[in-house]
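Student: Work the whole structure out from these sequences, hints included.
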Amino acid sequence: MANHKSALKRARQNKTNRMRNAVPKTRAKTAVKAVRAAADSKDTGKAREALREATSVVQKAATKGVIHKRKAARMVSRLARQVNKIALAS
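One point on numbering: in the numbering used here, the residue at position 44 of the sequence shown is 44, and numbering is uninterrupted.
Calculated from the structure, these hints are not laboratory results.
Check before you lean on any hint, since a few could be wrong.
The list that follows gives simulated cross-link-like pairs (lysine to aspartate or glutamate, EDC-like), each with its CA atoms no further than 20 Å apart [said to hold, decoys possible]:
# : residue 1 : residue 2
1 : LYS64     : GLU53
2 : LYS29     : GLU53
3 : LYS33     : GLU49
4 : LYS25     : GLU53
5 : LYS29     : GLU49
6 : LYS33     : ASP43
7 : LYS71     : ASP43
8 : LYS85     : ASP40
Tutor: Rendered as structure tokens:
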């Protein structure tokens, strides 16, 4: 455990920030998982709707600084490629 006054404060701040960041991060992971599940089931309509939702959630997480903006762009790009792939196949 921290001994200095500044280290104790830093530990409190880390706990607060971790709790604040957990919600957007978890929502983003869940949204991404939904897109992948819809893509695996080859349901184009469901996949496109899930992608639209996931894009919004991931971009909001990036805006809040929970995930890096380039990581968010990479995630959305990969999901879009996956959805487009099943759309072309069907």
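Student: So, for every hint listed, does it hold in this structure?
Tutor: Hint check:
no.	hint	verdict
1	LYS64 with GLU53	holds (17 Å)
2	LYS29 with GLU53	holds (12 Å)
3	LYS33 with GLU49	holds (13 Å)
4	LYS25 with GLU53	holds (14 Å)
5	LYS29 with GLU49	holds (16 Å)
6	LYS33 with ASP43	holds (14 Å)
7	LYS71 with ASP43	violated (26 Å)
8	LYS85 with ASP40	holds (11 Å)
Comparing the model with each numbered hint stated earlier shows that hint 7 is the single one that does not hold.
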